[in-house]
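Line by line, the protein sequences give chains H and Y.
First residue of the first sequence? That's 15 in our numbering, and the numbers climb one at a time after it.
First residue of the second sequence? That's 15 in our numbering, and the numbers climb one at a time after it.
Don't read these hints as lab results, they were simulated from the structure.
In this text, a Cβ means the ideal position worked out from N, Cα and C, and glycines have one as well.
It is possible that part of the hints are untrue.
Claimed, not checked - What follows is a set of in silico ranges between Cβ atoms, one per label pair, in the way DEER data are often shown:
1. Y/15 with H/393: 39 to 45 Å
2. H/135 with Y/410: 21 to 27 Å
3. H/200 with Y/86: 54 to 60 Å
4. H/135 with Y/98: 46 to 52 Å
Unchecked claim - Here are the simulated DSS-like pairs of lysine-lysine, each with C-alpha atoms no more than 25 Å apart in a straight line:
5. H/94 with H/368
6. H/20 with Y/95
7. Y/20 with H/255
8. H/368 with H/388
9. Y/331 with H/39
10. Y/366 with Y/380
11. Y/483 with Y/33
12. Y/326 with H/421
As the list claims (entries may be wrong) - Listing some non-contacts, in silico: residues in chain H with all C-beta distances to chain Y over 12 Å:
13. 59
14. 98
15. 245
16. 285
17. 463
Number of protein chains: 2
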Amino acid sequence: MNPYVKAVEYAVRGPIVLKAGEIEKELRKGIKKPFTEVIKANIGDAHAMGQRPITFLRQVVALCTYPNLLDSPSFPEDAKKRARRILQGCGGNSLGAYSASQGINCIREDVASYIERRDGGVPADPDNIYLTTGASDGIATILKILVSGGGKSRTGVMIPIPQYPLYSAAISELGAIQVNYYLDEENCWSLDVNELRRSLNEAKAYCHPKVLCIINPGNPTGQVQSRKCIEDVIHFAWEEKLFLLADEVYQDNVYSEGCQFHSFKKILYEMGPEYYNNVELASFHSTSKGYMGECGYRGGYMEVINLHPEMKGQLVKLLSVRICSPVSGQAAMDIVVNPPVPGEESYSQFIKEKESVLNNLAKKAKLTEDMFNKVPGVHCNPLQGAMYAFPRIFIPAKAIEEAKAHKMAPDMLYCMKLLEETGICVVPGSGFGQREGSYHFRMTILPPIEKLKILLEKMKDFHIKFLEKYA
Amino acid sequence: MNPYVKAVEYAVRGPIVLKAGEIEKELRKGIKKPFTEVIKANIGDAHAMGQRPITFLRQVVALCTYPNLLDSPSFPEDAKKRARRILQGCGGNSLGAYSASQGINCIREDVASYIERRDGGVPADPDNIYLTTGASDGIATILKILVSGGGKSRTGVMIPIPQYPLYSAAISELGAIQVNYYLDEENCWSLDVNELRRSLNEAKAYCHPKVLCIINPGNPTGQVQSRKCIEDVIHFAWEEKLFLLADEVYQDNVYSEGCQFHSFKKILYEMGPEYYNNVELASFHSTSKGYMGECGYRGGYMEVINLHPEMKGQLVKLLSVRICSPVSGQAAMDIVVNPPVPGEESYSQFIKEKESVLNNLAKKAKLTEDMFNKVPGVHCNPLQGAMYAFPRIFIPAKAIEEAKAHKMAPDMLYCMKLLEETGICVVPGSGFGQREGSYHFRMTILPPIEKLKILLEKMKDFHIKFLEKYA
Chain H
15 MNPYVKAVEY
25 AVRGPIVLKA
35 GEIEKELRKG
45 IKKPFTEVIK
55 ANIGDAHAMG
65 QRPITFLRQV
75 VALCTYPNLL
85 DSPSFPEDAK
95 KRARRILQGC
105 GGNSLGAYSA
115 SQGINCIRED
125 VASYIERRDG
135 GVPADPDNIY
145 LTTGASDGIA
155 TILKILVSGG
165 GKSRTGVMIP
175 IPQYPLYSAA
185 ISELGAIQVN
195 YYLDEENCWS
205 LDVNELRRSL
215 NEAKAYCHPK
225 VLCIINPGNP
235 TGQVQSRKCI
245 EDVIHFAWEE
255 KLFLLADEVY
265 QDNVYSEGCQ
275 FHSFKKILYE
285 MGPEYYNNVE
295 LASFHSTSKG
305 YMGECGYRGG
315 YMEVINLHPE
325 MKGQLVKLLS
335 VRICSPVSGQ
345 AAMDIVVNPP
355 VPGEESYSQF
365 IKEKESVLNN
375 LAKKAKLTED
385 MFNKVPGVHC
395 NPLQGAMYAF
405 PRIFIPAKAI
415 EEAKAHKMAP
425 DMLYCMKLLE
435 ETGICVVPGS
445 GFGQREGSYH
455 FRMTILPPIE
465 KLKILLEKMK
475 DFHIKFLEKY
485 A
Chain Y
15 MNPYVKAVEY
25 AVRGPIVLKA
35 GEIEKELRKG
45 IKKPFTEVIK
55 ANIGDAHAMG
65 QRPITFLRQV
75 VALCTYPNLL
85 DSPSFPEDAK
95 KRARRILQGC
105 GGNSLGAYSA
115 SQGINCIRED
125 VASYIERRDG
135 GVPADPDNIY
145 LTTGASDGIA
155 TILKILVSGG
165 GKSRTGVMIP
175 IPQYPLYSAA
185 ISELGAIQVN
195 YYLDEENCWS
205 LDVNELRRSL
215 NEAKAYCHPK
225 VLCIINPGNP
235 TGQVQSRKCI
245 EDVIHFAWEE
255 KLFLLADEVY
265 QDNVYSEGCQ
275 FHSFKKILYE
285 MGPEYYNNVE
295 LASFHSTSKG
305 YMGECGYRGG
315 YMEVINLHPE
325 MKGQLVKLLS
335 VRICSPVSGQ
345 AAMDIVVNPP
355 VPGEESYSQF
365 IKEKESVLNN
375 LAKKAKLTED
385 MFNKVPGVHC
395 NPLQGAMYAF
405 PRIFIPAKAI
415 EEAKAHKMAP
425 DMLYCMKLLE
435 ETGICVVPGS
445 GFGQREGSYH
455 FRMTILPPIE
465 KLKILLEKMK
475 DFHIKFLEKY
485 A
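Model the full structure from these sequences, guided by the hints.
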């Protein structure tokens, strides 16, 4: 068996989720539990938690799927117009044809226009856009190209701790070296360049650090980086000749007042040509998050800046081996970047649906923070963005001992007990990484607000009982 | 840059296709050529060549995409029934939710039932079925798990020559060792177990051969393996403890009289428990080929037999890092394995569409073989199955010299000239592998029959002129 594969860990769908599946089976068999359903707050899966798809996006994809519907009066003209344009970009006007390996041309053009609008006019070139099978695929592919060397010259990839475990998994799979830099929990999980420098300098002793991964807004932390922070990171990458990977899939998910999403691309441009012409950057986006939550379509894109032409050739070659990303996912991505605009027939419904999702998420972010912070032994930073809470939990010494006896991380023990006693499935902090001796879990804020309240109440009761039990 | 990535080659979308793209751009700019369009016969992309989607499949996927259509009288009840069942298997009844990493349960059940019907009742277990992002993804994932070791203990993967270059690409990417066994061109590209043995024994000197890949029906050869051949291969794999990968994506594409598709699974079962309980097998299928040609959906499945439980765990873990395959592709796969049956409303239209595609392909297979064999210096084996011709072409010594001077494979020179002079894009045999000193190209038989005739005439004229030029 491939030892690199064996070393891979992916907590978001790890042992806790397998256990949740077993419990669900038991419930279906009629086995009695202290709860009637398992609530999967382990993964950012909006539709599974009851969020409704954006009507316009589904209309366009349905029209592309079954073009007979283009004659139906029950579909709006603006959706038909988009569907016709996408189909014209498809071989044989069919979603069933392979696309170019880089993705359908007109969709890459729409992505480039979107980025220009988002970044206040900073130019974007469709040739730098690659449509991917979700953001995960883009990130894993770029990493695959960048990794090389053996022993001390093995590529080091710097990732935040806590991180989204796709990163550690991809690094393991490639046999690259994971280089941790710690986010500052005391300061709302912010990124401190001094910590980047410490981490880099230590890593140079045992590998060749070449890549710096940033997740903004943060997963699992929910932190939204300030403009100043991004400038510092870019300056650092420029100084140290690091390739920047900016995971920006939560760019539409910003809730806290005073927080704003700034793309790395925009700030890089505004820092002037010395930076903009030199720093290598890849930025990732997805259909799965934002207000659409279209995870199942596996749609995404990446934009690359200053990627060496030879590397670009290698990238296209590598993508071409899998031929292309799913074309219906590409179509969904098109609607994410090219939604109805004022004056179009579907605009008012679209904006209503979009704002309803985002306003709800903002309310739930605040509610979750407030409720967690009322529980003794729990501390939760503000959920400025994304769709997760990552509270710090106090775990008593007796519980830590019990976990050790079971060769389990203490927060895994905590989450397992939470699951078994309440049916609530969250992911232990150890799956994302955390400072030695601190314990956390990640929970999505996606359940409907009334359900989320009940869930938070249950977690509070569980936590208090847990503290008592192991006091 | 990753040296393994650099070593990857993928001819089906390689330099010849990049050149075809450039020529298309020139044509659009109005630059005059001896032809008015580029015909991409390089890839099995049915819809791009004008094949129409199967109506029923698209109706079901459209219903799943936009469930409001479930109330529409313009969709048949049998399509609605299938759509409701698929949606019930989706989180939140939405194609936009992530599925389980292994794929949606009810679709895996339908795949298992399909396999049982196909194999005359040989049992199939949904737990052994994994839904994948096309067959390519399944093949690459299994290989990733199996590869290990360094130096002489590096994993050897046996592949046919000629092969479909996904195999060589995946092997390069993983740093495994490609072990070639040659198909017998003089015997309709059949597989000879003595050649397998020769290849294996030689490989043992420099690697640890563990995997044996079979493509049946053959790509690019079009050969359909006999029952006897499959039995021999299975016996060989059993003797040598090789993991069998059976690429069976063309299982519906069998044309020649006297030829029949036999699945490795079925033959393995019929060879008795000593084989069936021991030989490790993974078989792959896809939405992209057959009569559906739904390449863009990136739907596929694999069935694994005798995979060690620990390996199964690793497989699910690896799949879970990418979370799931595209859910609309899973839905498309469901219709491939669960089409309308006699008595259902859509049956007659479905069977008419299916047979029309397959009958046309059979006609084109015969036409292509006949026409190629009329050209001096071209020999084409019968196209028993799949959707490609792989004719052998005589290349004169002068042309070989010219190619050498340009550091080009002789058949690449041939295909480049064919493209530049006629607009026809085919893939040189060197991209698939061939015996030293023999030359081929691969061409799909997907263009509509009238167009295919013209194309074959043009190729004939080109070939005769080529022979004259380099005589």
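Hint-by-hint comparison with the structure:
no.: 1; hint: Y/15 with H/393: 39 to 45 Å; result: holds (44 Å)
no.: 2; hint: H/135 with Y/410: 21 to 27 Å; result: violated (58 Å)
no.: 3; hint: H/200 with Y/86: 54 to 60 Å; result: holds (57 Å)
no.: 4; hint: H/135 with Y/98: 46 to 52 Å; result: holds (47 Å)
no.: 5; hint: H/94 with H/368; result: holds (20 Å)
no.: 6; hint: H/20 with Y/95; result: violated (41 Å)
no.: 7; hint: Y/20 with H/255; result: holds (22 Å)
no.: 8; hint: H/368 with H/388; result: violated (31 Å)
no.: 9; hint: Y/331 with H/39; result: holds (20 Å)
no.: 10; hint: Y/366 with Y/380; result: holds (21 Å)
no.: 11; hint: Y/483 with Y/33; result: holds (23 Å)
no.: 12; hint: Y/326 with H/421; result: holds (23 Å)
no.: 13; hint: 59; result: violated (5 Å)
no.: 14; hint: 98; result: holds (16 Å)
no.: 15; hint: 245; result: holds (29 Å)
no.: 16; hint: 285; result: holds (27 Å)
no.: 17; hint: 463; result: holds (16 Å)
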